[in-house]
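Undergrad: Next come the chains, spelled out residue by residue.
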Amino acid sequence: MNELVVKAEKLTKVYKLFAEDIVAVNNVDLEISSGEFVSVMGPSGSGKTTLLDMIGCLDGITSGRLEILGEDVSMMKESRLVNVRRGKIGFIFQDFSLILSLTALENLQLASYFAGNSHRRQKLIALLEKIGLGHRVNHLPKQLSGGEKQRVAIARALAMEPKFLLADEPTGHLDTENSQEILNVFKRLNQEEGLTIIVATHDQKLGSQTKRTIYLRDGKIVSQ
Amino acid sequence: MNVMSVAYKNLKRKRIRSALTIGGVAVAVAVLVSLMGFDKGYQESLTSNIDKMGYQLLITAKGCPYEAATLMLKGGGGLRYMEQDIYKKIQRDSRIDKITPQLVSTVYDPDRQQGQGGFAMYMGITESYTELKPWSKFKSGSWFSSETADEAIMGYEAAEVEQRLVGDKIFVPNINKVLTVVGIFERTGTQDDGVVFLPLKTAQQIFSLPNKLTGVGVKLKNIHEIGNFEEDLYNEPGIQIISMAQVRGTILNLISSAKVLANSVAVIAIFIAAIGVLNTILMSVFERTREIGVMKAIGASRTDVFRLIWTETILVCAFGGILGSVLALLGSGVVEYILKTILPYAPSGQLVLIEPNLLFAAFFGAIVLGIISGIYPAWRAASMRPVEAIRTGE
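The listed protein sequences correspond, in order, to chains V and E. Okay, so the first sequence: first residue is 1 according to my numbering, each after it adds one. Okay, so the second sequence: first residue is 1001 according to my numbering, each after it adds one.
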């Protein structure tokens, strides 16, 4: 049986907005196994990003229980959550979030440095070549197209040698062609390397091509 | 990839802002280095000037001791006159090792300073003068041919400015006297360099001051006798005794208030620079809130973020320290010129003395400034919660 990457029981996140409580994620039970390619879909405000933040150990939970890679992170403080994130979870953001002062390769080197597995330059260049950016190694983000930036972001996540990838609207800022290209990269990583990928998206086309889709509405899972 | 190169690249991102902040630190460091260099240079020049007078005590006619002190340093005696008999009386004291009488006179010369006019200084001396100053060597020529000869020995600068050689005639304005240059002293680095020396008797005659002196320089056999010697002469009418140690103290007192003011300016400059650095780095932290959140998402710990921002601050200050030291070195000539113009008394020699250890201290100080002013911005950045940082910056 495959190892469980995510195990959530009655996972709940409540935000306080002035005097009002906003329940962003409401009693979610969820299991995602190693090797899965999952899309999380739902309308705006349905809790996709909040769910991803909790799974990515970027945000604490209000109640329930959450295990990431077999480790209970429910009550962990930020100082310990960083150790769960580091080198285990690769993040991909809608706006790419590359460090603008660093070249494509340096962005990978920094991630690799933070993850504590300072890879050799050659290995990181090979990673960029693998996703078709061998000719963009020393380019700054401002010299890259949207699709290229997102591919650098994926390579950066892979430079950390993560156990799973979390992508929040990875095609949100891309045209159809570039979106398909990113989707193909994800598929290849999942099929060829067995990497677990969890994608939050509005994009029906992207959602339809994942192995499993979780629908959220008002913080609750409608179907999975 | 290391923290240093990331920090450096971050600073390069906002070049103008970084350059201005570095400039602020540089100005503060340059001011501090110049002032500390001045403090050292002035004291050393003054001490060297006083040591090179050759005597420990100067006996002058009674008058304001402050005035006497500065005038004496400027040319060997207060311009009040005492009777030569006193010199003859003191001369017999067995405690004295060396003693020299001097008569100083200043003459207005309309041709000096490229026609702007200025005072030329003449000093009547005897051979004992050079015994007190064994470092006064002849560059060319030799001593006066007699005690009453119409001859002159020129200080190095005096000869250079007027372009005189041994054998030339010089004209003393107003008195209409022509003197023959018989010798030129080598450079001593003291006020003597600008003086025209005459035989004492000749000076007394041409300035119409028979049997008058402006001062008597005394060197005792035993320096510990100074107190007793001064006491014994205390009751002698019409004279006062100034010890060189007193003169040094008096002059340092005169400039101490200026130094306090200047040091306050330096402290304020450093304080402003520190606030400037803190403000710049804090602003850049706020601007990069999302980026810091992303760094944390990809595995940066609190320590990593703290170190990155701290390094940026220290880099800014280190660059400022280097630039400030260079500015201080390059600008020391200008600072020296300004100080010489505004100070009540400036000894000859280098007034602003910037030594390598001072530059090293300034650089080290700038880094300490960075370490201190970087703590708060680095702590703010390190304390950001990743999810809030990412969402706030969106």
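To be clear, the hints were calculated from the coordinates, so they are not data collected in a lab. Honestly, I wouldn't trust all of these hints.
Straight-line alpha carbon distances no greater than 30 angstroms define the calculated BS3-like cross-link-like pairs of lysine-lysine that follow [what the hints assert, rightly or not]:
| hint | chain 1 | residue 1 | chain 2 | residue 2 |
| --- | --- | --- | --- | --- |
| 1 | E | Lys1052 | E | Lys1062 |
| 2 | E | Lys1052 | E | Lys1139 |
| 3 | E | Lys1098 | V | Lys142 |
| 4 | E | Lys1169 | E | Lys1219 |
| 5 | V | Lys220 | V | Lys130 |
| 6 | V | Lys88 | V | Lys123 |
| 7 | V | Lys123 | E | Lys1169 |
| 8 | V | Lys142 | E | Lys1012 |
| 9 | E | Lys1089 | E | Lys1259 |
| 10 | V | Lys142 | E | Lys1062 |
| 11 | V | Lys187 | V | Lys163 |
| 12 | V | Lys88 | V | Lys205 |
| 13 | V | Lys88 | E | Lys1169 |
| 14 | V | Lys211 | V | Lys163 |
| 15 | V | Lys10 | V | Lys88 |
| 16 | E | Lys1219 | E | Lys1088 |
| 17 | E | Lys1098 | E | Lys1259 |
| 18 | V | Lys123 | E | Lys1009 |
| 19 | V | Lys130 | E | Lys1089 |
| 20 | E | Lys1098 | E | Lys1139 |
| 21 | E | Lys1221 | E | Lys1259 |
Undergrad: Evaluate each hint against the coordinates.
TA: How the hints compare with the structure:
For the hint pairing E/Lys1052 with E/Lys1062, the CA-to-CA distance comes to about 24 angstroms; that is within 30 angstroms, so the pair holds. The straight-line distance between the Cα atoms of E/Lys1052 and E/Lys1139 is roughly 18 angstroms, inside the 30 angstroms bound, and the hint therefore holds. Taken as a hint, the E/Lys1098 and V/Lys142 pair is broken in the structure, with Cα atoms around 82 angstroms apart against an allowance of 30 angstroms. With a C-alpha separation of about 34 angstroms, the suggested pairing of E/Lys1169 with E/Lys1219 is violated against the 30 angstroms cut-off.
The hinted pair formed by V/Lys220 and V/Lys130 fails the criterion: a straight-line CA distance of about 38 angstroms is larger than 30 angstroms. With a C-alpha separation of about 18 angstroms, the suggested pairing of V/Lys88 with V/Lys123 holds against the 30 angstroms cut-off. Straight-line distance between C-alpha atoms of V/Lys123 and E/Lys1169 comes to about 87 angstroms, which puts the hinted pair past the 30 angstroms bound. A C-alpha spacing of about 15 angstroms is found between V/Lys142 and E/Lys1012, which places the hinted pair at or below 30 angstroms, so the restraint holds.
Distance restraint check for E/Lys1089 and E/Lys1259: the Cα-Cα separation of roughly 42 angstroms exceeds the 30 angstroms cut-off, and the hinted pair is therefore not satisfied. Between the alpha carbons of V/Lys142 and E/Lys1062 the distance comes to roughly 81 angstroms, so the proposed pair goes past 30 angstroms and is violated. The straight-line distance between the Cα atoms of V/Lys187 and V/Lys163 is roughly 16 angstroms, inside the 30 angstroms bound, and the hint therefore holds. With a C-alpha separation of about 28 angstroms, the suggested pairing of V/Lys88 with V/Lys205 holds against the 30 angstroms cut-off.
A distance of roughly 95 angstroms separates the Cα atoms of V/Lys88 and E/Lys1169; the hinted pair therefore is violated under the 30 angstroms criterion. Distance hint between V/Lys211 and V/Lys163 is fulfilled; the C-alpha atoms sit about 18 angstroms from each other, no more than 30 angstroms. Under the criterion of a C-alpha separation no larger than 30 angstroms, the hint pairing V/Lys10 with V/Lys88 is consistent with the structure, at around 24 angstroms. Distance hint between E/Lys1219 and E/Lys1088 is fulfilled; the C-alpha atoms sit about 15 angstroms from each other, no more than 30 angstroms.
Proximity of E/Lys1098 to E/Lys1259 is assessed by CA-CA distance (about 36 angstroms); at most 30 angstroms being required, the pair is judged violated. Simply put, V/Lys123 and E/Lys1009 have alpha-carbon atoms about 23 angstroms apart, close enough for the 30 angstroms limit, and the pair holds. Pair hint V/Lys130 plus E/Lys1089 does not hold up; C-alpha atoms about 104 angstroms apart against a cutoff of 30 angstroms. With a C-alpha separation of about 24 angstroms, the suggested pair E/Lys1098 and E/Lys1139 falls inside the 30 angstroms cut-off, and the hint holds.
Taking the CA atoms of E/Lys1221 and E/Lys1259, the gap is about 36 angstroms. The hint is violated against a cut of 30 angstroms.
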